[in-house]
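**Student:** Listed in order, the protein sequences are those of chains A and B. Residue numbering for the first sequence follows our numbering, starting at 2 and increasing by one per position. Residue numbering for the second sequence follows our numbering, starting at 276 and increasing by one per position.
Keep in mind the hints are simulated off the structure, nothing from the lab. Treat the hints with care, since some could be wrong.
Claimed, not checked - Reference excerpt, derived from the structure (chain A facing chain B, CB under 8 Å, subset only):
(1) PHE35
(2) GLN43
(3) SER44
(4) LEU45
(5) THR50
(6) GLY54
(7) SER55
(8) LEU77
(9) PRO105
(10) LEU106
(11) PHE108
(12) GLY111
The beta-carbon is built from N, C-alpha and C at its ideal position, and this holds for glycine as well.
Residues per chain, in single letters:
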Amino acid sequence: GAVVSQHPSWVICKSGTSVKIECRSLDFQATTMFWYRQFPKQSLMLMATSNEGSKATYEQGVEKDKFLINHASLTLSTLTVTSAHPEDSSFYICSARRTEDNSPLHFGNGTRLTVT
Amino acid sequence: AQRVTQPEKLLSVFKGAPVELKCNYSYSGSPELFWYVQYSRQRLQLLLRHISRESIKGFTADLNKGETSFHLKKPFAQEEDSAMYYCALGNSGNTPLVFGKGTRLSVIA
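Modelling step: build the complete structure from the supplied sequences, incorporating the hints.
**Tutor:** Following this line, the structure appears as structure tokens:
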């Protein structure tokens with residue numbers, strides 16, 4: 002079945018530094034990937050839609066300069082949290098859908114970011 | 276606007292009892308409805324989608340367009356069903372899913 006790999010699984014960084022999270026579709030191509038954020042005991046909130054070869058589409062209230070998204074190939078999207086602050090600590094989850102058919106969304110394992 | 280409502284944050288049932296996790300949606304077009312499950316320390320996994328009309332792990336869900344509902348049901352709960360369950364709404368193509376707030380199911384032995 003379709004597999005989405007997310008790396009790293011967890012990361013701790015100091016305030017002011019930047020962190021890059023990778024999302025790969027391992028056995029299928031995805032022109033579109035989605036980045037979600039999940040706070041403890043809350044639901045997933047869509048942050049942005051990552052489009053291969055073009056700019057990402059951000060949801061209202063999500064700072065595009067803070068959460069940089071790059072979708073350089075059909076199997077890789079990256080989310081960079083720039084100048085991280087403690088309030089950015091959260092669980093970030095990527096998801097992707099096989100381009101060529103109407104398959105459901107598949108999710109990565111998520112990345113737990115802790116900013117100290 | 277698309278919206279998914281899961282009215283129960285927590286649902287506790289005894290092992291062997293029937294389970295119904297409620298989900299209502301708001302969508303003007305032709306919706307696709309999904310149930311995702313998240314076991315402790317694991318990724319979100321697709322449990323059901325309405326177009327497939329399957330039964331997975333004993334769970335079923337029927338889309339009721341009149342009531343705009345997609346409730347998840349299982350006749351006899353098992354301890355291993357304890358998890359977070361998310362109802363999600365989308366449509367075909369490269370559009371994201373909108374998730375409900377989730378219901379934590381706790382099955383008590």
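**Student:** Next step is simple, just say for each hint if it's right about the structure.
**Tutor:** Here is what the structure says about each hint:
About 5 Å separates the beta-carbon of PHE35(A) from the nearest beta-carbon of chain B, less than 8 Å, and the hint is met. Annotation: interface hint on GLN43(A) holds; nearest CB of chain B at approximately 7 Å, less than 8 Å. For SER44(A), the interface hint holds, since its Cβ comes within 8 Å of a Cβ in chain B; the closest pair sits about 4 Å apart. Hint status for LEU45(A): holds, given a least beta-carbon distance of 5 Å to chain B, under 8 Å.
The beta carbon of THR50(A) comes within 6 Å of a beta carbon in chain B, closer than 8 Å, and the hint placing it at the interface holds. A least Cβ separation of about 13 Å between GLY54(A) and chain B goes past the 8 Å threshold, and the interface hint is therefore violated. At about 12 Å, the closest approach between the beta carbon of SER55(A) and any beta carbon in chain B exceeds 8 Å, and the interface hint on this residue is violated. Proximity of LEU77(A) to chain B is violated relative to the hint, the smallest CB-CB distance being about 16 Å (cut-off 8 Å).
At a threshold of 8 Å, the smallest CB-CB gap from PRO105(A) to chain B is about 5 Å, leaving the interface hint in force. Given the 8 Å rule on beta carbons, the hint for LEU106(A) holds: about 6 Å separates it from the nearest Cβ of chain B. Proximity of PHE108(A) to chain B holds as hinted, the smallest CB-CB distance being about 4 Å (cut-off 8 Å). Hint status for GLY111(A): holds, given a least beta-carbon distance of 6 Å to chain B, under 8 Å.
In summary, the structure is inconsistent with hints 6, 7, 8 from the numbered list given earlier, while agreeing with the others.
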